[in-house]
Amino acid sequence: MLYFDHCASTPPHEEVIRTLADVMKLHYANPSSIHRSGAEAGKLIERARALAAELFGTKPREWIFTSGGTESNNLAIKGAARAFRSRGNHLITSQIEHPSVYEAFRSLEREGFRVTYVPVSETGHVDVRDVEAALTESTILVSMMHVNNETGAIQPIEAVGRLLRSKPRTLFHVDGVQSAGKLALHPDGWGIDLLTVSAHKLRGPKGAGWLYVREGIGLEPLLHGGEQEGGMRAGTENVPAIVASAKALRLALESQPGREKRMYALRERLLRGIGGIPELAPSGPAADTDQGGRGTTAAPMAPHIVHFCYPGMKPEVTIHLLEKHGITASTKSACSSKQDKPSRVLLAMGRDSASAGGGIRLSLGDEHNERDIDQLTERLAAVVEKLKPLQKGSADRDV
Amino acid sequence: MFDRVLLRFGEYMVKGKNRGRFESQMLRHVQSALQSFERLTVTRTYGRIYVALNGESYDAVADRLKDLFGIASFSPVKRVETELDAIREGTIEVMGLFPDAERTFKVSVRRVWKGFPHDSQEMNHLVGSHVLRATPKLKVDVRRPDVELRVEIHPKDTYIYSEVVPGGGGFPYGTNGKAVLLLSGGIDSPVAGWSAMRKGLELEAIHFYSYPFTSEQAKDKVVELAKRLSRFAGRPLKLHLVHFTDIQTSFAQAKQDRLIITLMRRAMLRIAERIALREGALAIVTGDSLGQVASQTLSSMNVIGRTVDLPLLRPLVMMDKQEIIGLAERIGTYETSILPYEDCCTLFVPQSPTTNPNLRVAETVESHIPGLEEMIEKAVSGMETLKLTPDDTGAGLTGAGKNEWF
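Protein chains in written order, with my numbering: chain A, 1 to 399; chain B, 1 to 406.
Same shape as in the complex, but just chain A (with noise of 0.2 Å):
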């Protein structure tokens, strides 16, 4: 079987779930306890923070553990607008975004907060003026993802926390859960103020994410109870998954300029494959290739994601017949892929109903090779021979 469902979640590493066990067995101690067994616990707690700062070049005390990216979408998103309402109530945030961020924005909605949905363009791109033609005076916050999780586009994230920098009253939300450890990220270079990060797509353990909290801001917390993680986050600590995670981090940070690289080789490779199976359109940009798999100036796209979409196919049917050629793939995000809508982020960029549904997303990780590429391929041709006279609108089709 080879697994492409890397975006879903990924393979933990062996030294992770090492960690994890250790760890899980030796320290079971609450962190919050005073006597020694407690205290060491949450030595390895900070130990895990400090790298996790040291690692994104940032202070130990400005990260928060967390339940994983849904808990720090909604913890920055929640946290900062009820924290700040008395500032404005105007928020900002574009189409696109992964459901733990546009259904949060949603909920605020239903608590009164004006939210601004900045669109796309056709590649799946936020231009940068739209952001800025949408902030007001009563602008508190900006979220906006750094690569997108179903088509793999990368958003200007340095040019909108170029132009918030002028903005000291607006915060900037990062969701980074599809770019940490593919792309550079760089929180502090960046103007962002707020960063999720989530382990298990970064060959870490499941419930465990980090958010990042900039020095000085104060979030309401969405969990009462115990003063851990700064009275942001009550709960006793997962102390094994922290530090499990903060390996993962560790791990997959080192190696990221490496692992950019040689995905980028990877994906050039397989949307070349693809391009040579006319049925299937993929969604970036149409220069997609030409730049080494890079995308384009205009739209980039992530090294690990390629997306296409097979019109007038739907997409599970494509899905469970890779499966049976022995290709794990995806529709959408695996979050709302059993929902048989079409998918907001396509529509979105534009598509129609019919093609928005039929959505596949073939996601890299560090196992693939170039072998693994070009049997991808001939799979995917394969199974696009077997569906093709049953295409919706194929002259083969009464056949």
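Some clues are possibly wrong.
Restricting the straight-line Cα-Cα distance to at most 20 Å, the calculated cross-link-like pairs of lysine to aspartate or glutamate (DMTMM-like) are [said to hold, decoys possible]:
#1 A/K25 <-> A/E237
#2 B/K402 <-> A/E40
#3 B/K402 <-> A/E54
#4 A/K261 <-> A/D374
#5 B/K66 <-> A/E54
#6 A/K167 <-> A/E215
#7 A/K59 <-> B/D146
#8 A/K206 <-> A/D366
#9 A/K25 <-> B/E404
#10 A/K386 <-> A/E316
#11 B/K219 <-> A/E40
#12 A/K43 <-> A/E54
#13 B/K402 <-> A/D22
#14 B/K106 <-> B/D146
If we take Cβ atoms under 7 Å as the criterion, some of the chain B residues that face chain A in the derived model are [as the list claims (entries may be wrong)]:
#15 E335
#16 A400
#17 W405
Label-pair distances were calculated between CB atoms; the ranges are [stated by the list, open to error]:
#18 A/R272 <-> B/S108: 48 to 56 Å
#19 A/G258 <-> B/V164: 55 to 63 Å
#20 A/G218 <-> B/P99: 45 to 53 Å
#21 B/L27 <-> A/E137: 58 to 66 Å
#22 B/E38 <-> A/R165: 40 to 48 Å
#23 B/R110 <-> A/G275: 54 to 62 Å
#24 A/E220 <-> B/K255: 30 to 38 Å
#25 B/G96 <-> A/R371: 35 to 43 Å
#26 A/G275 <-> B/K139: 48 to 56 Å
#27 B/K402 <-> A/G226: 26 to 34 Å
#28 B/L290 <-> A/S33: 38 to 46 Å
If you're looking for bench data, these hints aren't it; they were derived computationally from the structure.
Using N, Cα and C, we set each Cβ at its ideal position, and we do this for glycine too.
The hints should help you fit chain B onto chain A, whose structure is shown.
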């Protein structure tokens, strides 16, 4: 892109007679601070030190040099062949490091080798005009340039640099003698230690702990702080851990609550003085800052300080708390210092400690405490000494868990 690092010495250069001694000491410091970089070589010429990187990472070396005392500043240097075209190409590369923005610059060529066919004036023009053509946003300003591009021509090699990075400043560690430092777990005393080290004092740290009234974590915290300081020493730092429980509880029983801080501080100084004499140190460094707490009023300092003969050095005495915090953040001790564990100075603190103690009263109370002298002697003889070196984990939490977990 850089081949070498040029190090400039600090303030001690003015001391004509001692210059040679300081310089060779500095050379040894640089060598020992950089010994983990196996490929690089360190040489000393004409009042400067050159580090040849030989493939080692400039950033990692620079990170280390920033903390080294006795270095006023340093510059990453590019080496090219002594040949006009190569020099001109090299200057473009060095200037390319600065973002392409409106700025002014000037060229300063120094012809160490007078055999080079173009003299310095000519070279300024030849190099300057070339850089201007390649970077249109640059303008020349010979008076107050944003960037000074320096070119040094030697017979075979020419060195080009422009960036000047501030070093640790001060004197090379240990060139001004030795002192002991009273190191609590707070914000101030590590900064005081750092300031003393920067002035060239070799330090040994002393910490007082009162287990079980203070926690093991409080002691660990001080160990972390001392490790952090050892980074600036460039060699292992001694930390003396003094068991203070007996003395402290005897003071607590003396029914002189308002004086207890005064009595404790006096006892600590007396212990510190004995350790200093034993270790050959000639001063006691403390983190006192005038007026900050009851024991740091002028009259408290007077009564407390009189208990010893050695000079008391208080680097922070006239500084504001915010300035001290700023320094603590810069030297990387702040994060550890603000961990919440109580140290023995906050134990048994009365509601209103005296800000104006009376020396005679203090001395009388001390004379009535049974066995104080013996307890002080016992504290000194029973102390535990650690030799600490810096950690690689940044926040200094190597003690936490196993390295392979992270």
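Checked hints:
{"no.": "1", "hint": "A/K25 <-> A/E237", "verdict": "15 Å, holds"}
{"no.": "2", "hint": "B/K402 <-> A/E40", "verdict": "11 Å, holds"}
{"no.": "3", "hint": "B/K402 <-> A/E54", "verdict": "18 Å, holds"}
{"no.": "4", "hint": "A/K261 <-> A/D374", "verdict": "18 Å, holds"}
{"no.": "5", "hint": "B/K66 <-> A/E54", "verdict": "18 Å, holds"}
{"no.": "6", "hint": "A/K167 <-> A/E215", "verdict": "17 Å, holds"}
{"no.": "7", "hint": "A/K59 <-> B/D146", "verdict": "31 Å, violated"}
{"no.": "8", "hint": "A/K206 <-> A/D366", "verdict": "18 Å, holds"}
{"no.": "9", "hint": "A/K25 <-> B/E404", "verdict": "15 Å, holds"}
{"no.": "10", "hint": "A/K386 <-> A/E316", "verdict": "15 Å, holds"}
{"no.": "11", "hint": "B/K219 <-> A/E40", "verdict": "14 Å, holds"}
{"no.": "12", "hint": "A/K43 <-> A/E54", "verdict": "16 Å, holds"}
{"no.": "13", "hint": "B/K402 <-> A/D22", "verdict": "10 Å, holds"}
{"no.": "14", "hint": "B/K106 <-> B/D146", "verdict": "8 Å, holds"}
{"no.": "15", "hint": "E335", "verdict": "6 Å, holds"}
{"no.": "16", "hint": "A400", "verdict": "4 Å, holds"}
{"no.": "17", "hint": "W405", "verdict": "4 Å, holds"}
{"no.": "18", "hint": "A/R272 <-> B/S108: 48 to 56 Å", "verdict": "53 Å, holds"}
{"no.": "19", "hint": "A/G258 <-> B/V164: 55 to 63 Å", "verdict": "33 Å, violated"}
{"no.": "20", "hint": "A/G218 <-> B/P99: 45 to 53 Å", "verdict": "34 Å, violated"}
{"no.": "21", "hint": "B/L27 <-> A/E137: 58 to 66 Å", "verdict": "60 Å, holds"}
{"no.": "22", "hint": "B/E38 <-> A/R165: 40 to 48 Å", "verdict": "42 Å, holds"}
{"no.": "23", "hint": "B/R110 <-> A/G275: 54 to 62 Å", "verdict": "58 Å, holds"}
{"no.": "24", "hint": "A/E220 <-> B/K255: 30 to 38 Å", "verdict": "49 Å, violated"}
{"no.": "25", "hint": "B/G96 <-> A/R371: 35 to 43 Å", "verdict": "40 Å, holds"}
{"no.": "26", "hint": "A/G275 <-> B/K139: 48 to 56 Å", "verdict": "49 Å, holds"}
{"no.": "27", "hint": "B/K402 <-> A/G226: 26 to 34 Å", "verdict": "27 Å, holds"}
{"no.": "28", "hint": "B/L290 <-> A/S33: 38 to 46 Å", "verdict": "39 Å, holds"}
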